[in-house]
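Protein sequences appear in the order of chains A and B. The numbers in the working numbering rise by one with no breaks, and the one at position 130 of the first sequence is 309. The numbers in the working numbering rise by one with no breaks, and the one at position 352 of the second sequence is 531.
These are computed hints drawn from the structure, not numbers from a lab. Treat each hint with caution, since some may be false.
Note: identical chains are not told apart, hence a pair may lie in one copy or across any two.
Here are the simulated lysine-lysine pairs, DSS-like style, with alpha carbons at most 30 Å apart [stated by the list, open to error]:
#1 LYS335 / LYS207
#2 LYS460 / LYS207
#3 LYS311 / LYS525
#4 LYS218 / LYS460
#5 LYS335 / LYS525
#6 LYS525 / LYS218
#7 LYS460 / LYS335
#8 LYS311 / LYS218
#9 LYS311 / LYS207
Okay, here's what each chain looks like letter by letter:
2 protein chains.
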Amino acid sequence: MSSAGAYSRQEIGLALDVLETPCLVLEKSRLVANVARLKRHLQPLGVRLRPHLKTAKSIDVARLVMDGAQGPATVSTLREAEYFFSHGVTDLLYAVGIAPNKLDHVFDLRRRGADLAIVLDNLETAQLVAAKSAERRDPLPVLIEVDTDDHRSGIKPPDSILVAVGRTLHAGGAVLRGVMTHAGSSYSLQNQASFEATAEQERSGIVAAAAALRAAGLPCPEVSVGSTPTAHFARDLAGVTEVRAGVFMFFDLVMAGIGVCDIEDIALSVLATVIGHQHDKGWIIVDAGWMAMSRDRGTARLTVDQGYGVVCDLTGDPIPDLIMIDANQEHGILAARPGAQSSPPKLPVGAMVRIFPNHACATGAQHDRYYVVDHDRIVSAIWPRIYGW
Amino acid sequence: MSSAGAYSRQEIGLALDVLETPCLVLEKSRLVANVARLKRHLQPLGVRLRPHLKTAKSIDVARLVMDGAQGPATVSTLREAEYFFSHGVTDLLYAVGIAPNKLDHVFDLRRRGADLAIVLDNLETAQLVAAKSAERRDPLPVLIEVDTDDHRSGIKPPDSILVAVGRTLHAGGAVLRGVMTHAGSSYSLQNQASFEATAEQERSGIVAAAAALRAAGLPCPEVSVGSTPTAHFARDLAGVTEVRAGVFMFFDLVMAGIGVCDIEDIALSVLATVIGHQHDKGWIIVDAGWMAMSRDRGTARLTVDQGYGVVCDLTGDPIPDLIMIDANQEHGILAARPGAQSSPPKLPVGAMVRIFPNHACATGAQHDRYYVVDHDRIVSAIWPRIYGW
Chain A
180 MSSAGAYSRQ
190 EIGLALDVLE
200 TPCLVLEKSR
210 LVANVARLKR
220 HLQPLGVRLR
230 PHLKTAKSID
240 VARLVMDGAQ
250 GPATVSTLRE
260 AEYFFSHGVT
270 DLLYAVGIAP
280 NKLDHVFDLR
290 RRGADLAIVL
300 DNLETAQLVA
310 AKSAERRDPL
320 PVLIEVDTDD
330 HRSGIKPPDS
340 ILVAVGRTLH
350 AGGAVLRGVM
360 THAGSSYSLQ
370 NQASFEATAE
380 QERSGIVAAA
390 AALRAAGLPC
400 PEVSVGSTPT
410 AHFARDLAGV
420 TEVRAGVFMF
430 FDLVMAGIGV
440 CDIEDIALSV
450 LATVIGHQHD
460 KGWIIVDAGW
470 MAMSRDRGTA
480 RLTVDQGYGV
490 VCDLTGDPIP
500 DLIMIDANQE
510 HGILAARPGA
520 QSSPPKLPVG
530 AMVRIFPNHA
540 CATGAQHDRY
550 YVVDHDRIVS
560 AIWPRIYGW
Chain B
180 MSSAGAYSRQ
190 EIGLALDVLE
200 TPCLVLEKSR
210 LVANVARLKR
220 HLQPLGVRLR
230 PHLKTAKSID
240 VARLVMDGAQ
250 GPATVSTLRE
260 AEYFFSHGVT
270 DLLYAVGIAP
280 NKLDHVFDLR
290 RRGADLAIVL
300 DNLETAQLVA
310 AKSAERRDPL
320 PVLIEVDTDD
330 HRSGIKPPDS
340 ILVAVGRTLH
350 AGGAVLRGVM
360 THAGSSYSLQ
370 NQASFEATAE
380 QERSGIVAAA
390 AALRAAGLPC
400 PEVSVGSTPT
410 AHFARDLAGV
420 TEVRAGVFMF
430 FDLVMAGIGV
440 CDIEDIALSV
450 LATVIGHQHD
460 KGWIIVDAGW
470 MAMSRDRGTA
480 RLTVDQGYGV
490 VCDLTGDPIP
500 DLIMIDANQE
510 HGILAARPGA
520 QSSPPKLPVG
530 AMVRIFPNHA
540 CATGAQHDRY
550 YVVDHDRIVS
560 AIWPRIYGW
């Protein structure tokens with residue numbers, strides 16, 4: 180019933196068990212609650228939310244998350260920029276350092292009406308972007324990436340390189356729109372005090388970078404931060420203009436494992452069907468393997484390793500101690516969590532389960548659509564997802 | 180230049196560096212050589228090859244691999260069955276234990292002309308398939324899955340359950356087409372003697388299962404085995420009618436790491452561009468992260484851990500000791516292999532590289548197309564790939 184193109188509005192109101200498995204299930208009320216939670220937290224801090232749509236890759240989800248139909252929004256690929264722009268989203272930040280071979284594509288999107296800003300963190304790229312901006316007579320808006328937690332990209336203090344990059348852009352034909360950072364190290368923390376400390380480190384680091392540019396006589400209107408843990412635990416965002424975050428909309432087992440959300444907040448799951456057993460080992464075999472769950476095993480480094488996922492009943496309630504302990508491409512092996520006190524039920528062939536993922540971004544990317552539900556009822560037509568570059 | 184739909188035949192003959200990154204690159208001569216190698220090995224053993232198209236998910240690749248335009252072929256999803264059938268491939272085995280909710284779809288494909296066979300390993304499913312075959316007046320062809328290496332699904336000796344399943348199918352309205360097994364444990368072996376031993380264990384186990392069915396007066400025309408390591412190292416396939424294998428067509432760092440191929444045989448790579456550096460750490464940042472490479476870290480358990488991939492120049496030659504040591508969603512971090520004797524070159528911003536993957540099936544699944552090359556030249560129009568279910 181769920182083969183490509185065969186799904187229609189007539190399934191609305193039916194139970195989940197009419198679907199062919201595996202497929203991606205989105206609990207709409209949890210999505211709405213997760214979005215409301217972050218907005219409630221950010222509103223009194225006086226910053227706008229520029230949601231990172233790489234987690235959703237769906238205009239239907241984006242419309243429930245964005246402040247307006249035109250954005251603002253963050254994307255991780257130019258394919259996402261093309262797609263969301265085709266649906267009327269114009270205020271876009273492409274938040275991965277620009278590669279020279281993507282500049283023609285960026286100019287083309289802007290020529291068609293997208294207010295697409297880019298990111299860079301080095302002098303060579305700044306020189307190229309400035310020169311191309313002048314040559315094309317389209318001053319590209321640029322945020323300079325700053326490294327505030329030593330985890331990946333961005334310019335670190337001292338500020339001489341930052342100022343040189345800013346001056347190159349500003350003097351050379353581009354638009355210096357501001358600075359941005361991403362406290363990716365926050366994903367490896369595990370308590371509220373450390374989230375708060377990292378959020379303050381992210382804030383103070385980026386505000387100092389903005390101050391350095393301004394002290395050199397350069398403009399810096401935007402000061403952009405963001406990661407799901409720091410966005411939720413920041414107590415003060417003075418000097419920051421916007422927050423980017425993505426996984427907050429769905430949450431996942433890593434976010435629950437480090438304490439950013441509860442397991443009951445997870446909005447995304449994979450629907451699967453029991454296809455067999457190895458009774459001697461206590462294994463239940465399902466038709467969702469790593470292709471449906473992704474290979475992401477983010478909880479492996481946490482206090483509780485959830486395998487390839489936590490197994491729930493059709494309404495989305497976890498079945499105690501039942502996880503996906505291993506996976507092949509299209510096979511998942513469900514079994515009791517190592518050290519479990521209870522024996523999970525022996526689900527018969529044909530039984531259907533929902534499985535919470537380690538990482539919503541990675542699991543979502545394996546699927547081309549969302550089935551939108553309220554508990555075990557389908558409440559919407561399909562929401563398509565995009566993928567690739 | 181490579182945005183969706185913008186690519187055309189006019190790029191044939193151009194160098195790879197015209198492409199937008201990241202993207203998936205397929206070295207055609209290596210694909211052709213890998214296919215020829217396995218066929219050369221199997222031909223004197225008297226078995227047919229039923230290639231597993233889950234690795235390729237592309238009709239253009241399939242046509243270089245299959246013995247004929249109509250197959251035979253193996254698929255891992257009904258989406259693959261739909262897609263290959265729409266391109267004229269009719270002789271199809273869906274090699275994952277059937278879920279009850281997929282039977283309507285299977286009957287529908289068969290009604291439209293696909294000779295689609297299914298797999299199961301338990302009495303409950305056999306009873307359902309027999310009943311549905313009778314009800315639909317379409318005797319479904321079934322291969323019973325047998326477990327010959329204790330790694331996943333399938334019926335194990337004693338043969339009483341196997342015979343009961345076979346009898347249920349044969350007497351009840353389905354077609355008992357034979358038995359199949361998959362020696363998936365072979366991926367964790369690392370030398371020729373163990374591959375040969377596991378291939379013989381796979382062969383003798385499945386031939387014994389076929390004999391048990393025949394001894395009970397049941398038909399068993401097909402005896403199907405397969406995994407890429409056992410397919411290459413089997414010395415005798417007496418009693419076997421067909422071999423299934425998939426990753427052999429592309430190979431990858433896991434297959435090279437366990438000794439099934441050389442690193443120079445790997446046909447699949449991801450094209451990426453340098454977008455920045457962290458000079459103090461010796462890091463080169465590229466625009467291919469785990470979304471482009473997949474989260475598969477299969478080499479982590481092998482003698483040589485290749486990180487997220489081995490970095491090559493544009494012609495596909497490895498750059499000594501340069502690997503992707505870590506990855507975020509759209510960022511990859513290239514650095515010297517831990518313990519490396521040499522210092523890899525400091526690739527400048529804008530430089531492009533090709534990266535061999537840990538696991539061809541997982542990396543391929545992240546992309547919607549192949550760019551087909553001979554060294555650094557594009558030699559074909561795009562070959563599209565499918566995904567999802």
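Results for each hint:
In this assembly of identical chains, the alpha carbons of LYS335 and LYS207 never lie at most 30 Å apart, being 40 Å within a copy and 43 Å across copies at closest. For the homomeric pair LYS460 and LYS207, neither the shortest alpha-carbon distance inside one copy (37 Å) nor that between copies (43 Å) is at most 30 Å. In this assembly of identical chains, the alpha carbons of LYS311 and LYS525 lie at most 30 Å apart only when taken from different copies (25 Å versus 63 Å within one copy). Taking the shortest alpha-carbon separations for LYS218 and LYS460, neither the intra-copy value of 47 Å nor the inter-copy value of 37 Å comes in at or below 30 Å.
In this assembly of identical chains, the alpha carbons of LYS335 and LYS525 lie at most 30 Å apart only when taken from different copies (19 Å versus 55 Å within one copy). In this assembly of identical chains, the alpha carbons of LYS525 and LYS218 never lie at most 30 Å apart, being 42 Å within a copy and 43 Å across copies at closest. In this homomeric assembly, LYS460 and LYS335 come within 30 Å of each other (Cα to Cα) only across copies, at 12 Å, whereas the closest approach inside a single copy is 52 Å. For the identical chains of this complex, LYS311 and LYS218 are neighbours neither inside a copy (38 Å) nor across copies (52 Å), given an alpha-carbon limit of 30 Å.
Within a single copy, LYS311 and LYS207 get their C-alpha atoms no closer than 44 Å, and across copies no closer than 36 Å, so neither meets the 30 Å cut-off.
When held up to the earlier numbered hints, the structure conflicts with 1, 2, 4, 6, 8, 9 and fits the remainder.
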